[in-house]
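Student: If you want the building blocks of each chain, they are given just below.
There are 2 protein chains.
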Amino acid sequence: MSKDRIVIVGGGACGAKVAARARRNAADTEIIMIEKGPYVSYAGCGMPYYIAGAVEHSSDLMSMLWGTVRDEKYFKESKDVTVYTNTVVESIAPSSKTIKIMAASGNSKTIDYTKLVLATGAKAKIPPVKGIHLKNVFVLRSLEQAEEIRKAVESEGMEKAVLVGAGRVGLELADALNAQGLDITIVEMAEQVLPDVLDRDMSQYPINTIHSEKIALFMQESVVELAGDGSGKVKKVITNKRELNADIVIFAVGIKPDVDLARSADVKIGKTGAIEVDEYMQTNIPDIYAGGDCVESENIVTGEKISMPLGSVANKHGRVVANNITGIKDTFRGVVGSCILMSLGLKIGKTGLTEKQAKRFGYQTETCLSVTRDTSHFLAGSKNIVIKLITSVSDRKLLGAQIAGTGDIAKRLDVAATALSFKAKIDDVASLDLCYAPPFAGAMDSIIHTANIMRNKLAGSVKTIKPLEVRQKLNTKEDFILLDLRTKEEITEGRGIDDARMMSVPLENLRTRIDELPRDKEIICTCQYGTRAYEAYTILKSKGFRHINYMECGMFGYTWLS
Amino acid sequence: MSKDRIVIVGGGACGAKVAARARRNAADTEIIMIEKGPYVSYAGCGMPYYIAGAVEHSSDLMSMLWGTVRDEKYFKESKDVTVYTNTVVESIAPSSKTIKIMAASGNSKTIDYTKLVLATGAKAKIPPVKGIHLKNVFVLRSLEQAEEIRKAVESEGMEKAVLVGAGRVGLELADALNAQGLDITIVEMAEQVLPDVLDRDMSQYPINTIHSEKIALFMQESVVELAGDGSGKVKKVITNKRELNADIVIFAVGIKPDVDLARSADVKIGKTGAIEVDEYMQTNIPDIYAGGDCVESENIVTGEKISMPLGSVANKHGRVVANNITGIKDTFRGVVGSCILMSLGLKIGKTGLTEKQAKRFGYQTETCLSVTRDTSHFLAGSKNIVIKLITSVSDRKLLGAQIAGTGDIAKRLDVAATALSFKAKIDDVASLDLCYAPPFAGAMDSIIHTANIMRNKLAGSVKTIKPLEVRQKLNTKEDFILLDLRTKEEITEGRGIDDARMMSVPLENLRTRIDELPRDKEIICTCQYGTRAYEAYTILKSKGFRHINYMECGMFGYTWLS
Numbered sequence: 001m002s003k004d005r006i007v008i009v010g011g012g013a014c015g016a017k018v019a020a021r022a023r024r025n026a027a028d029t030e031i032i033m034i035e036k037g038p039y040v041s042y043a044g045c046g047m048p049y050y051i052a053g054a055v056e057h058s059s060d061l062m063s064m065l066w067g068t069v070r071d072e073k074y075f076k077e078s079k080d081v082t083v084y085t086n087t088v089v090e091s092i093a094p095s096s097k098t099i100k101i102m103a104a105s106g107n108s109k110t111i112d113y114t115k116l117v118l119a120t121g122a123k124a125k126i127p128p129v130k131g132i133h134l135k136n137v138f139v140l141r142s143l144e145q146a147e148e149i150r151k152a153v154e155s156e157g158m159e160k161a162v163l164v165g166a167g168r169v170g171l172e173l174a175d176a177l178n179a180q181g182l183d184i185t186i187v188e189m190a191e192q193v194l195p196d197v198l199d200r201d202m203s204q205y206p207i208n209t210i211h212s213e214k215i216a217l218f219m220q221e222s223v224v225e226l227a228g229d230g231s232g233k234v235k236k237v238i239t240n241k242r243e244l245n246a247d248i249v250i251f252a253v254g255i256k257p258d259v260d261l262a263r264s265a266d267v268k269i270g271k272t273g274a275i276e277v278d279e280y281m282q283t284n285i286p287d288i289y290a291g292g293d294c295v296e297s298e299n300i301v302t303g304e305k306i307s308m309p310l311g312s313v314a315n316k317h318g319r320v321v322a323n324n325i326t327g328i329k330d331t332f333r334g335v336v337g338s339c340i341l342m343s344l345g346l347k348i349g350k351t352g353l354t355e356k357q358a359k360r361f362g363y364q365t366e367t368c369l370s371v372t373r374d375t376s377h378f379l380a381g382s383k384n385i386v387i388k389l390i391t392s393v394s395d396r397k398l399l400g401a402q403i404a405g406t407g408d409i410a411k412r413l414d415v416a417a418t419a420l421s422f423k424a425k426i427d428d429v430a431s432l433d434l435c436y437a438p439p440f441a442g443a444m445d446s447i448i449h450t451a452n453i454m455r456n457k458l459a460g461s462v463k464t465i466k467p468l469e470v471r472q473k474l475n476t477k478e479d480f481i482l483l484d485l486r487t488k489e490e491i492t493e494g495r496g497i498d499d500a501r502m503m504s505v506p507l508e509n510l511r512t513r514i515d516e517l518p519r520d521k522e523i524i525c526t527c528q529y530g531t532r533a534y535e536a537y538t539i540l541k542s543k544g545f546r547h548i549n550y551m552e553c554g555m556f557g558y559t560w561l562s
Numbered sequence: 001m002s003k004d005r006i007v008i009v010g011g012g013a014c015g016a017k018v019a020a021r022a023r024r025n026a027a028d029t030e031i032i033m034i035e036k037g038p039y040v041s042y043a044g045c046g047m048p049y050y051i052a053g054a055v056e057h058s059s060d061l062m063s064m065l066w067g068t069v070r071d072e073k074y075f076k077e078s079k080d081v082t083v084y085t086n087t088v089v090e091s092i093a094p095s096s097k098t099i100k101i102m103a104a105s106g107n108s109k110t111i112d113y114t115k116l117v118l119a120t121g122a123k124a125k126i127p128p129v130k131g132i133h134l135k136n137v138f139v140l141r142s143l144e145q146a147e148e149i150r151k152a153v154e155s156e157g158m159e160k161a162v163l164v165g166a167g168r169v170g171l172e173l174a175d176a177l178n179a180q181g182l183d184i185t186i187v188e189m190a191e192q193v194l195p196d197v198l199d200r201d202m203s204q205y206p207i208n209t210i211h212s213e214k215i216a217l218f219m220q221e222s223v224v225e226l227a228g229d230g231s232g233k234v235k236k237v238i239t240n241k242r243e244l245n246a247d248i249v250i251f252a253v254g255i256k257p258d259v260d261l262a263r264s265a266d267v268k269i270g271k272t273g274a275i276e277v278d279e280y281m282q283t284n285i286p287d288i289y290a291g292g293d294c295v296e297s298e299n300i301v302t303g304e305k306i307s308m309p310l311g312s313v314a315n316k317h318g319r320v321v322a323n324n325i326t327g328i329k330d331t332f333r334g335v336v337g338s339c340i341l342m343s344l345g346l347k348i349g350k351t352g353l354t355e356k357q358a359k360r361f362g363y364q365t366e367t368c369l370s371v372t373r374d375t376s377h378f379l380a381g382s383k384n385i386v387i388k389l390i391t392s393v394s395d396r397k398l399l400g401a402q403i404a405g406t407g408d409i410a411k412r413l414d415v416a417a418t419a420l421s422f423k424a425k426i427d428d429v430a431s432l433d434l435c436y437a438p439p440f441a442g443a444m445d446s447i448i449h450t451a452n453i454m455r456n457k458l459a460g461s462v463k464t465i466k467p468l469e470v471r472q473k474l475n476t477k478e479d480f481i482l483l484d485l486r487t488k489e490e491i492t493e494g495r496g497i498d499d500a501r502m503m504s505v506p507l508e509n510l511r512t513r514i515d516e517l518p519r520d521k522e523i524i525c526t527c528q529y530g531t532r533a534y535e536a537y538t539i540l541k542s543k544g545f546r547h548i549n550y551m552e553c554g555m556f557g558y559t560w561l562s
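Quick mapping for you: the protein sequence lines, in order, are chains A and B. Going by our numbering, the first sequence opens with residue 1, and the numbers climb by one from there. Going by our numbering, the second sequence opens with residue 1, and the numbers climb by one from there.
Please note that a few of the clues may not be correct.
Each pair may be met inside one copy or between any two copies, as identical chains are not told apart.
With a straight-line Cα cutoff of 25 Å, these simulated SDA-like cross-link-like pairs (lysine to any residue) come out [unchecked claim]:
id	residue 1	residue 2
1	LYS73	LYS100
2	LYS466	ILE111
3	LYS383	ALA54
4	LYS125	TRP66
5	LYS425	GLY303
6	LYS423	GLU279
7	LYS423	THR331
No wet-lab data here; the hints were simulated from the structure.
Build out the structure end to end from the sequences listed, making use of the hints.
Tutor: In structure tokens form, the structure reads like this:
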């Protein structure tokens with residue numbers, strides 16, 4: 001080998017980034033990228049949009065903004081990077097710094113490397129159920145699979161789809177198949193959707209959205225068998241509770257890091273099941289680096305290692321790897337655990353820890369929910385967003401945020417993600433000088449407003465109750481008052497709750513009618529969004545009422561979060 | 001006075017916030033809010049949208065989400081706050097802790113206070129030009145003025161508007177009057193629009209947008225006189241360069257803090273001309289606090305005091321004031337100087353320092369410009385945003401960000417604002433774990449991409465040139481090559497520059513055609529957005545070319561930023 005040679009295993013987001021950046025850093029190094037599939041450098045996160053038909057061609061997912069497709073020719077001509085597609089790396093010999101590759105033709109050869117980069121990505125989990133190999137049963141992990149799914153979805157007679165798994169990809173696929181006009185049933189093992197993204201309370205928002213879209217959703221249910229139509233096509237999904245007709249079945253039950261090659265070369269695998277790397281993205285083996293979905297990253301919030309298989313993370317990994325293998329020292333700082341998705345008109349995301357994760361990690365947490373408009377409410381087009389913040393009680397640190405809504409959630413999530421990177425306290429968040437003009441935010445931005453609610457709760461100046469708890473209480477015979485502070489007009493619009501424990505006193509009449517309220521019963525204040533309920537709570541408190549609280553997010557919360 | 005009494009002077013954003021929060025903290029304190037105008041607690045920033053007709057009634061700007069109008073009755077019934085409108089505070093006597101007020105009726109009386117809050121806001125600057133009192137000549141500072149402007153705009157025969165001042169309010173008004181179908185001319189004294197928001201280079205984006213909307217814009221020009229039609233209505237605006245016909249003239253030439261009352265009571269005024277307060281929002285006079293547009297705030301980036309008259313800041317001031325005057329210690333942390341606006345379809349904002357401000361403050365700065373799509377470009381509806389970052393060379397700290405575009409600028413600005421609050425370095429920004437899915441961002445978010453360009457520049461690995469400089473060079477006889485890396489198809493769409501110094505070599509052919517390029521001339525690489533130009537730059541550099549650079553933002557930048 002006359003000059004340095006970088007060999008990259010895997011042509012996905014991380015691999016392609018390593019190739020491009022390494023070339024810019026090191027003009028004279030030979031760079032080879034090896035990909036087992038036919039395509040390289042495509043936007044995997046765009047696949048649901050391709051299946052939906054919102055992206056016309058699969059090649060659009062590997063095109064530059066000006067139309068050039070990132071194929072072997074592009075990498076050679078523009079970047080002087082040699083790409084082998086449809087080529088498998090069979091083994092690594094770290095002692096001789098060589099790898100053995102095999103092309104689709106069956107020809108194999110040995111290649112020397114100066115630096116080796118493992119960017120082998122992740123693979124879809126495929127449950128070992130009977131009938132999994134029937135026609136029109138899919139997983140979605142590669143662009144080839146996306147092409148097959150799109151073709152199947154658009155084929156004649158395709159009516160009923162069963163989606164197994166209501167995680168991020170599952171819900172993006174639900175959106176895609178809904179856009180394609182299919183009749184959808186979702187089967188999820190957990191007692192909620194998006195278990196890695198949302199706490200149980202927040203998960204009611206997408207659950208209620210799914211219901212409102214007339215999509216069947218069965219939770220705490222698992223697929224036990226797939227039955228065919230006799231000609232090899234799938235016909236039925238049999239769960240532990242029912243049988244579902246299906247013309248197409250897609251399993252979206254998670255992915256696992258593809259570490260087989262790494263393991264065979266004694267590259268250390270971490271507790272998460274992904275490759276362990278140091279801050280320079282180097283593995284335990286000299287001159288072998290790794291990045292992307294096959295490695296684990298440090299969670300900045302907790303210090304523990306987690307798997308965060310996302311294109312955004314993979315790209316950052318790739319830059320750090322490329323810098324280090326070309327002599328520019330660079331470190332990867334870790335992740336805070338940010339993710340986002342859109343499905344059925346609802347935008348959903350989280351950053352940091354969920355309440356469940358925080359508790360599992362030993363934090364004593366305080367949480368709060370708010371619903372606000374994403375822009376000034378007097379402008380047409382302002383939309384609701386629901387924010388849940390999680391704070392550590394002992395040191396007031398923000399631990400996480402979950403946000404869902406039809407409005408602009410991404411901005412507030414990214415603000416929270418940035419704050420988490422700096423280990424912000426809730427008071428820091430409340431003090432942020434965010435941009436304000438009516439088309440962009442309220443004067444008190446949604447996240448600042450929510451941080452202030454949290455400060456009130458931490459100070460002990462308010463006591464609240466979650467919508468889900470109120471629903472549970474209403475389902476009992478317990479005696480309490482659900483005090484509705486809305487105007488008569490709002491209630492008669494049919495947004496009340498038909499229960500004898502409801503009592504209506506519009507906020508503006510509360511001070512004069514306060515003697516009508518019993519002092520011996522729990523009073524739960526509510527209104528449309530929670531603002532007036534909070535106001536009423538402070539009034540009752542000042543008048544000596546003791547057994548009181550207010551429902552976070554009010555009747556909006558009752559409708560969507562319980 | 002039997003119980004504590006909080007008296008608030010001014011019923012705007014800060015005053016109303018103080019009243020509401022103080023009531024929640026202190027049930028038994030008497031709270032009086034005194035407002036010189038007829039309205040309290042309205043969204044002043046919403047006035048341009050009301051003038052545009054996008055907000056139907058002026059009362060919509062003082063309505064709660066559920067429709068209740070925040071008037072005297074609302075404050076009394078819901079919050080037990082007494083509001084005096086149309087009432088002027090004539091004097092303060094700190095020694096006796098009293099104020100003297102006078103109602104519109106002419107009746108005056110003296111009121112005791114326990115704590116006094118000055119939330120007197122700001123007033124519009126009115127230039128002392130002849131004819132300023134003619135009919136249909138306005139400033140916009142109060143809702144009453146907005147009502148008069150809306151009425152005038154919608155009156156018969158209203159055709160030609162002259163806007164004086166192209167700052168934030170000026171451009172929001174241009175948008176409003178444009179929506180109302182008026183023929184608009186803007187007159188601005190500075191050599192650019194938005195001088196407090198954007199540097200000269202970035203200001204070309206709104207300037208070119210104004211031109212593309214067929215709105216006349218005259219910069220470096222000032223109004224010397226207004227001429228009437230004989231019946232007392234304005235007819236002409238006479239500048240130092242021309243005469244303009246006008247049916248309506250609005251001056252939006254800035255505001256100044258309203259500190260007359262404070263000054264008369266020996267409340268200390270800071271260098272900025274606004275009231276000086278400590279971190280508790282307390283003035284130099286015991287028991288007198290102040291907040292909102294009439295006070296100055298500390299700029300977290302520089303430590304200096306600045307005036308930041310915005311509803312978002314005023315609300316935060318109000319909460320801190322209310323807490324401190326009710327016995328809950330709280331501090332205001334300062335601002336980073338964030339602002340945003342929308343005008344003529346363009347969204348524009350900044351946070352932190354502009355390059356000009358940073359230089360004036362003594363920083364040695366590096367800057368970079370980028371243009372990216374706000375969401376994944378393969379999805380329909382992705383839009384351009386231009387980001388300018390400013391960094392301190394010595395310590396790599398982010399100093400400021402300016403962002404403009406038709407896409408989602410607010411998210412990236414708020415991320416930058418959050419980062420600035422934590423005194424982030426550019427490397428911190430590049431490492432942020434922001435939320436990624438195709439409808440929300442690219443895999444490398446726009447701000448991360450731009451931070452990486454900055455890191456390349458700080459590392460000295462690239463040399464760039466700004467579009468504005470390229471235009472200036474093209475206007476000279478200087479000999480250089482403007483190397484266009486776009487495809488033939490892109491250029492023949494008519495987006496080239498007709499100049500003999502242009503040379504076209506599509507990026508994919510550059511490596512094979514490299515010998516066609518002269519080594520003795522400066523070569524400026526360009527393409528549509530700058531990405532291929534950067535790639536070409538690295539290729540030329542690796543081949544030993546020395547006198548090279550690339551144009552930031554490419555031809556997009558040349559069209560919109562020069």
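Student: Take the hints in turn and mark each one as holding or not.
Tutor: Here is how each hint holds up against the structure:
1. LYS73 / LYS100: within (23 Å within a copy, 82 Å between copies)
2. LYS466 / ILE111: neither (61 Å within a copy, 44 Å between copies)
3. LYS383 / ALA54: Cα proximity of LYS383 and ALA54: in one copy and across copies (24 Å, 16 Å).
4. LYS125 / TRP66: neither (35 Å within a copy, 48 Å between copies)
5. LYS425 / GLY303: both (17 Å within a copy, 21 Å between copies)
6. LYS423 / GLU279: This pair counts as both: shortest intra-copy Cα distance 19 Å, inter-copy 23 Å.
7. LYS423 / THR331: both (19 Å within a copy, 20 Å between copies)
Comparing the model with each numbered hint stated earlier shows that hints 2, 4 do not hold.
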